[in-house]
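**Q** Listed below are the residues making up each chain.
Number of protein chains: 2
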Amino acid sequence: MRRKGLASMAVQTIATSNDTADNAAENAADTPVDLGPAQALSCRECGHRVPLGPSFACEECFGPLEIAYDFTSYDTEELRARIESGPANIWRYAPLLPVPADVAEKPNINPGWTKLVKADNLAAALGVSPGKLFIKDDSGNPTHSFKDRVVAQALEAARAFGFTTLSCSSTGNLAGAVGAAAARAGLRSCVFIPHDLEQGKVVMAAVYGGELVGIEGNYDDVNRFCSELIGDAAGEGWGFVNVNLRPYYAEGSKTLAYEICEQLGWELPDQIVVPIASGSQLTKIDKGLQELIKLGLVADKPYKIFGAQAEGCSPVSVAYKAGHDVVRPQKPDTIAKSLAIGNPADGPYVLDIARRTGGAVEDVTDEQIVDAIKLLARTEGIFAETAGGVTVGVTRKLIEAGVLDPSLTTVVLNTGDGLKTLDAVAGTGLTATIRPTLDSFREAGLA
Amino acid sequence: MRRKGLASMAVQTIATSNDTADNAAENAADTPVDLGPAQALSCRECGHRVPLGPSFACEECFGPLEIAYDFTSYDTEELRARIESGPANIWRYAPLLPVPADVAEKPNINPGWTKLVKADNLAAALGVSPGKLFIKDDSGNPTHSFKDRVVAQALEAARAFGFTTLSCSSTGNLAGAVGAAAARAGLRSCVFIPHDLEQGKVVMAAVYGGELVGIEGNYDDVNRFCSELIGDAAGEGWGFVNVNLRPYYAEGSKTLAYEICEQLGWELPDQIVVPIASGSQLTKIDKGLQELIKLGLVADKPYKIFGAQAEGCSPVSVAYKAGHDVVRPQKPDTIAKSLAIGNPADGPYVLDIARRTGGAVEDVTDEQIVDAIKLLARTEGIFAETAGGVTVGVTRKLIEAGVLDPSLTTVVLNTGDGLKTLDAVAGTGLTATIRPTLDSFREAGLA
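Sequence lines, in order, name chains A and B. Those letters in the first sequence? Residues 165 to 611, by the numbering used here. Those letters in the second sequence? Residues 165 to 611, by the numbering used here.
Worth double-checking, as some hints may not be accurate.
Pairs count within a copy or across copies, as identical chains cannot be separated in the list.
Computed list of lysine-lysine pairs in DSSO-like fashion (alpha-carbon distance at most 27 Å, straight line) [what the hints assert, rightly or not]:
{"id": "1", "residue 1": "LYS282", "residue 2": "LYS485"}
{"id": "2", "residue 1": "LYS465", "residue 2": "LYS296"}
{"id": "3", "residue 1": "LYS451", "residue 2": "LYS365"}
{"id": "4", "residue 1": "LYS270", "residue 2": "LYS296"}
If you're looking for bench data, these hints aren't it; they were derived computationally from the structure.
If we strip away everything but chain A, and leave its shape as in the complex, we get:
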């Protein structure tokens, strides 16, 4: 499947836009920790660079900090061979992530390398050409959501910075991912949740044995408290995966892009449909695709990224349709709880990427989400959480609207597991009830 044309790039070395051989050397001095190819933190807005550390906002302009890498030493075909012979998890891409080279040897939950399912039955139902529709099914991760990918990066950063407690605020998937990762790594974990969360979610978060602290207040109160804790002496030694470790954490989503392309035989898909919560995942998938192009691992060609939201929490979709560059916050009201971020930090970047690539942002109602969960389950045997209903539902809507081209290779993300959002399909039930006799069976028309 590998394109012959790439062979001509075998002797080429590649630098990303942020890194040249010169500034990579300059950064070596300000890098006290070993996080592999990660060299520094760089502001996404103003480009200001600071050493690798537990920082997330630019001290100059308050813009978000991102990882700046040095990929200059990589030979394309050597890198490809190294990846292909690597482990069946995200650490096959360790040379492209902010982790030490020996990361695969350390105790961690080794997420990733989830299935890319050729979804011909779903394709037929949606009018997509056979062989062109794929589901990237991240319910196959250890705690059954894509959060394992991002937490695994944050864990390495926490180790590098000498943190002893792994923490987060959460109402769901993230709590389990942090609890499991910390348990395997032998770190303490402390997860903060609203005190009145449903019992099932509490159990899922509590079983890993870390501290699980209920905060008397709503999710906003929990977040405010966590920010306060980070700035206080009481928070010393604490790594909040999605706050002071966020630049590292967020990079985990790049692995979705890497895996999709490798699983397509080192080709870019034409179209990708990605759920939007904070928007970070979508921006990192774009970053990952760009890196593969620059590294010569895939041939450059146009691709479109589509963002998917629930109507009950659709700030980015609303802004997209209105032609705005900024996102007006919403108060979420949707069954898609894992996407219910009313003020998505990366909203403006998502708008930019959707427009730049020729994609779009769309939303679906809760009813359409449930329909899409059931459609995916009965066509492909994949039981998605509500976020998967959002992406499949938006895919259907965009095809019907003529926005998404059903003749092109399309990858739809399922980022979580239906077992965690059973309530969404609680109406599903028995198709018949019979007595244990053949007569009763025949009467029910089941033969």
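Given chain A, work out where chain B should sit, using these hints.
**A** Coordinates of chain B only, in the frame set by chain A:
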């Protein structure tokens, strides 16, 4: 990791005890379907052979029918290379399974190649030597239990025999596995369950969109009805995965043995702890290990197989301890529902294997099961269903009793997912509740 000594076996070809080149040729005539190396069905008790078909009991002696293979054409190192370059699922072992050679190309849910987790934290807790304890974590399968492995075999048999409906009786994991597999394959599914099952389990089984039929009666009534249906014209075209397709279905458990050995670098473990429901899984793991030895893929050495039951359903454990060869049925009463088979069909074979290999059969109380689920979660970040609590709990008990040697390589099976048996750990909850202030945080002693 591969042993050098094996190289000397490179030109050798291997036959299993049931198959010689002669009777393989003889069987070619009575094999109307292509199920790869599977040649016939052979009675485990009397050896009587019949052509491949939807049969499960010997017409001569009513003994259970098993698959007889022809592996005579395999060269050890060619086979190893073929396996190692195969897909990251059970179909890498297609040459050793009753499936056509092109099975990986057909739509199915591609289970297997789940993680073998080096469980050093759990080892420390149990007093096992570092690097010697592993969890084979089958919660990573598509519907999060090992049932995906066995249903995938039954699906191929159903296709080969021209069945149009995939069916089973179930109260849990099997229903989901059959529903998902049939959906992906484009077959109709019809799953029979007791009509008064808990709503959560009904939803998990119903979401895949097949027929889900509630039977007015208990699980025994459901099973009796299914047997009646198979013998009736109304059941024509129906493949019951665990009844008339059982010989094929059961072979799926061999893949656990294959994966464990390959993931250990083509070595046999010294000790394996396997849960016992019908006992079929344990017998097929032994069969798989024996095949690897005969094929030269692993060096022969002694291994011990240990069976694990819940005290509330411990017919095999009781028989083992009493020195009996037969198993007296019990009425199950345990939280380990997925193992609650009071009259296990393969009980006598399990007793034989445990004794022959120098293993044992042991059971644990419901309280010990819950403790073991929590222990596994907090040490390794793996959230097991109750069956995983049974194996980990029995492992602990056998180590404490000096029966299981903590200095040897030991693999413990986790065959399912804690998300499906949340009730078992429902007592788990918040470790603290605080107000959203630093003072409250400090007062709670969380810093």
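**Q** Which of the listed hints are not met by the structure?
**A** When the structure is compared with the hints, numbers 1 and 3 turn out to be violated.
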